[in-house]
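Chains Z and L, in that order, give the protein sequences.
Reading the first sequence from the start, the letters are residues 1 to 114 in the working numbering.
Reading the second sequence from the start, the letters are residues 1 to 110 in the working numbering.
Please keep in mind that the hints were generated in silico from the structure rather than gathered at the bench.
Only a predicted model underlies this, so the values are computations on that prediction, with no experimental measurement involved.
Note that beta-carbon positions come from the ideal geometry of N, C-alpha and C, so glycine has one too.
Nothing false has been slipped in among the hints.
Here are the simulated distance ranges between beta carbons:
| # | chain 1 | residue 1 | chain 2 | residue 2 | range |
| --- | --- | --- | --- | --- | --- |
| 1 | Z | V60 | L | H75 | 32 to 40 Å |
| 2 | L | H75 | Z | Q70 | 38 to 46 Å |
| 3 | Z | I53 | L | L45 | 24 to 32 Å |
| 4 | Z | E59 | L | A78 | 36 to 44 Å |
| 5 | Z | D71 | L | R60 | 38 to 46 Å |
| 6 | L | E17 | Z | P18 | 43 to 51 Å |
| 7 | L | L58 | Z | Q13 | 37 to 45 Å |
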Amino acid sequence: SQTIHQWPATLVQPVGSPLSLECTVEGTSNPNLYWYRQAAGRGLQLLFYSVGIGQISSEVPQNLSASRPQDRQFILSSKKLLLSDSGFYLCAWSWTSGSAVTQYFGPGTRLLVL
Amino acid sequence: TQLLEQSPQFLSIQEGENLTVYCNSSSVFSSLQWYRQEPGEGPVLLVTVVTGGEVKKLKRLTFQFGDARKDSSLHITAAQPGDTGLYLCAGGNYGQNFVFGPGTRLSVLP
Chain Z
1 SQTIHQWPAT LVQPVGSPLS LECTVEGTSN PNLYWYRQAA GRGLQLLFYS VGIGQISSEV
61 PQNLSASRPQ DRQFILSSKK LLLSDSGFYL CAWSWTSGSA VTQYFGPGTR LLVL
Chain L
1 TQLLEQSPQF LSIQEGENLT VYCNSSSVFS SLQWYRQEPG EGPVLLVTVV TGGEVKKLKR
61 LTFQFGDARK DSSLHITAAQ PGDTGLYLCA GGNYGQNFVF GPGTRLSVLP
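Extracted from the complex, chain L is given alone in its bound form:
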């Protein structure tokens, strides 16, 4: 059974601070996605990474896929209140259903 773990489960920081959240598995994925979900809304795709060691940047967000394609990290620089939400990672393999982590709930205080 493929599982994804995310850490930390909860994170509360002040505006302007940096943070990193992690997504780990013992399984290899052909691609991994990060989503942000706000209360009462569906998850919104932030990024898809497919190559081991790949780094993608989306404004203040930096995503990295582990060399072995089993883990990933999301780093946010100078967090803002608008970054508040539930961050979900999901692993995918062709012909298989997606595996979702339990999420990291981030709160950025002004």
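Bound conformation, chain Z alone:
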């Protein structure tokens, strides 16, 4: 079975500090991978998605970046955090069977920028 991991679970960082969030998927190969941000009590905002190693597409211009150094590893980074970067970050992978395209989410990382 497939599992998706994210770490850290919680992070408190000062404004201007760097960021690195990691996501790994087990039990599948060449998955499509996604980073989302969720503001408190709200829907999901797609930040980045990747269809393969080194292939990153950005949906929202911002001071965040993403990388995919390995097939099942997806990293979200920032050189200098802003207060507005606070939120709940979710990694997801997707699976296609026929006409059904389904996403599965990791447990999330709560980031608080002070």
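Let chain Z serve as the given structure and place chain L on it in line with the hints.
Just chain L now, kept in the frame of chain Z:
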């Protein structure tokens, strides 16, 4: 631009009551998913529906995909406090990114 709307935005009911939440779009999706999310956790997939008119049941939860594959509903029978959470719907098309609704926040009071 594809959009998904969900209603109601908030719902607070007593244990044992029935409820229905809706997910609507002007766009057609090849599949639609429902998720439940609890505070501080990632969304958990409840169901995927792919055929217009399809009805799926998961214990006390009944999901329906509209005939035109533009809308969906989630009906909960005899709600329990454990059903409390944020219910998200998401539409998917092959080769395109998912579209998520803003969610319905359900609170079931004991």
